[in-house]
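Below are the chains, spelled out letter by letter.
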Amino acid sequence: MRMDKVLFGDNQFFAVNHLSDEKSRQQAIRFKDDDSIIRVLDQAIETGINTFMCTTHDRIGNICNHLRAYPEKYSGFRIYPCMPYAHKYANAVTELGVIGTIKQYVPGNIFSTFTKGGVAYLSKDFIKLMEILIDAEMKMFRGINTPVIFIQNVVVDLILGLKLYDIFAEYDAYIRKKYKAEPGYITMNLPALLGALKIAGVENPIVCSSINKIGFRMSGGIEAYEKCLAEENFRPVAMQVLAAGALRPKEAIEYLGRFPQIESVLFGASSKAHIQETKEIIEKFIH
Amino acid sequence: MLRAGIIGLGKMGLSHASIIGAHPSVEMVGLCDTSALVLEAFRKFSKVNVYDDYKKMIDVEKLDFVVVASPTKFHYDMVKYALERGIHTFCEKPFSLTIDEGQELVKLAMEKNVVNQAGFHNHFIGTFRELKRLLAGGILGEIVHFTGEAYGPVVVKEKGETWRSDPREGGGCLFDYASHVINLIQEILGPPVKASGSQLKKIYSKKVEDAVYSILTLETGVSGVLSVNWSDETYRKMSTSLMVMGKKGKIICDATELKIYLKEAERKEHHDKGWTIKYITDLAIPVDFYLRGEEYSAQIDNFVECILNNKQTEINSFEQALRTDRVIDLIIKDSKN
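As they're listed, the protein sequences go chains A and B. For the first sequence, our numbering gives the first residue as -11, with consecutive numbering after it. For the second sequence, our numbering gives the first residue as 52, with consecutive numbering after it.
It is worth saying that the hints were derived from the structure and are not from the lab. Beta carbons: idealized from backbone N, C-alpha and C, even for Gly. Check before you lean on any hint, since a few could be wrong.
Derived coverage of chain B by chain A (criterion: at least 3 residues anywhere in the stretch with Cβ under 8 Å from a Cβ of chain A; other residues may be distant) [claimed, not checked]:
1) 58 to 70
2) 366 to 375
Using C-beta positions, here's what the derived DEER-type ranges look like [to be verified]:
3) A:G64 with B:E356: 35 to 43 Å
4) A:R164 with B:E162: 55 to 63 Å
5) A:E211 with B:Y312: 34 to 42 Å
6) A:E34 with B:E356: 35 to 43 Å
7) B:K314 with A:K127: 36 to 44 Å
8) B:I336 with A:A57: 29 to 37 Å
9) B:G192 with A:T35: 45 to 53 Å
10) A:K238 with B:K257: 53 to 61 Å
11) A:E34 with B:N360: 34 to 42 Å
12) A:S63 with B:E356: 27 to 35 Å
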């Protein structure tokens, strides 16, 4: 199934701003309440957007509660979860180490879940551990349509650099089997990731990466990206298309229009006018 | 291809392993950690040899370079072992727990003439680099004051203890967070030679400080404020910034933007009178592999390049890292007065 051309993102809700720490603080203040997030989501829906791509941030759980409370209103609405909310784990690893973090975030006591021999037993079954972590992150989306499930770039790129490619294949298989969904990959290293996924035997993957005409956060270089977009077999989702605000929407999206393979464009905005404007430009240039 | 090994697979070690694994000039041949779980994961999914004994890894793998990313208290023994064998060494910050040990390592690295670099990655962020360049050009005139700050959400409630809970092991906010800011101040503005009014405050931790406040005086006589707190959950992640005030204007710099205020227009650099904002999108150092930020790859690129070209690093040498340890020492001593 094709994804929507326009995917609505969530960075603006969670104080993620790649251009300014000060702006991100202003966003944190504006979206203090879940209601303020829901209001903007409703405005996005009014403009005809039906897919919300979001991190598994704790507060998304509250948004999911709202969606479940009004099933008719949100019947056509989809969420593409992106897991995990990495800062939660990164801050925990700084303080507690790898094992401490697993203890903190795996539901129940992991070391009693794997009763026979704790760590030694667990170490034989990493895939099970991965599955438990995925299930923990997915819990908040129960009853909500999640046709594509992404792993965040921090994890994808970590695995990529460590060359643990089999984990991609395992992830792929589990998402299809357990959630009947398409697995997706977010990356800052598109050319390298496509090569790795090929080795892992993952075919025609959905890959979300920075694509913008100034080459911002396109590691490996813009030429390599453009070559992938022209030649490789994958389903591209473009993010950071405005290069953190360095580009105006029209010139940014016009550039994307040069690559007909791009299936979707991810963007976030906080005002209805801005959402409407960007959506219209995307629909004009992306086919 | 350079042969690389990594000691310590915590957050920084794993991150280095990934970046080095993706580096076109390096083959990652050995990983060392004490966690059976972590080692087993690599044994199972990768082709890299794993060790629970760093000496064995260094002896067996014929490394060109090693990355030491273990808890700080182990740095001295591990770095020394690598340096004695003539292996180029990258050591995570903070560098050492005592000045004597740090001095010995700096001396040893010089004697062995190996490339030595510490992980103060902020110098590889385009905005801070630009700040240094602008100040070196005298854009602000005579410097009168500065503030160096870092805030983040590491310890935001009271809970159990880890190696970071022990002040003798370099576990607190001073070694972990404040060291970054001190290092930036030292390399961009000049080395602090005096700390006064220093406060090491516990907020949620029982044994170590969660916040560091101090007034630092530089060699030049200029003084400024250090304010660091890792128990501040109003920040999503670690946020580091420097404000520098001069007679001709002021600059506020963080990892995303550089805000320059000038009393008069400056011709050489084409800066207007009043505010000019420069963004990381224009200043980021391009890298071939990205994980968590360009700076982490850029610092490894620099280290590898120094090895390949047989030269010493100008950024983050052990000697510079030791200077930061000295300031940490000044702050600890002052806080006890």
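Results of checking the hints against the structure:
Coverage of the segment 58 to 70 of chain B by chain A holds in this model, with 8 residues showing a Cβ closer than 8 Å to a Cβ of that chain against a need of three. Check on the segment 366 to 375 of chain B: 0 of its residues sit with their Cβ under 8 Å from a Cβ of chain A, so the three-residue criterion for coverage is violated. Evaluation of the 35 to 43 Å hint for A:G64 and B:E356 yields a failure: the beta carbon distance comes to about 53 Å. The hint said 55 to 63 Å for the Cβ distance between A:R164 and B:E162, and at roughly 58 Å that hint holds.
A C-beta distance of roughly 38 Å is found between A:E211 and B:Y312, which places it inside the suggested range of 34 to 42 Å. Our hint of 35 to 43 Å for A:E34 and B:E356 is violated, since their Cβ atoms are close to 53 Å apart. Take B:K314 and A:K127: their Cβ atoms lie about 56 Å apart, and the range 36 to 44 Å is violated. Between B:I336 and A:A57 the beta carbons are some 47 Å apart, a value that contradicts the proposed interval 29 to 37 Å.
One distance hint, 45 to 53 Å for the beta-carbon pair B:G192 and A:T35, holds here, with the actual separation near 51 Å. Between A:K238 and B:K257 the beta carbons are some 56 Å apart, a value that agrees with the proposed interval 53 to 61 Å. Checked against the hint of 34 to 42 Å, the C-beta distance between A:E34 and B:N360 comes to roughly 59 Å, which is inconsistent with it. Taken as a hint, the range 27 to 35 Å is violated for the pair A:S63 and B:E356, whose Cβ atoms sit roughly 56 Å apart.
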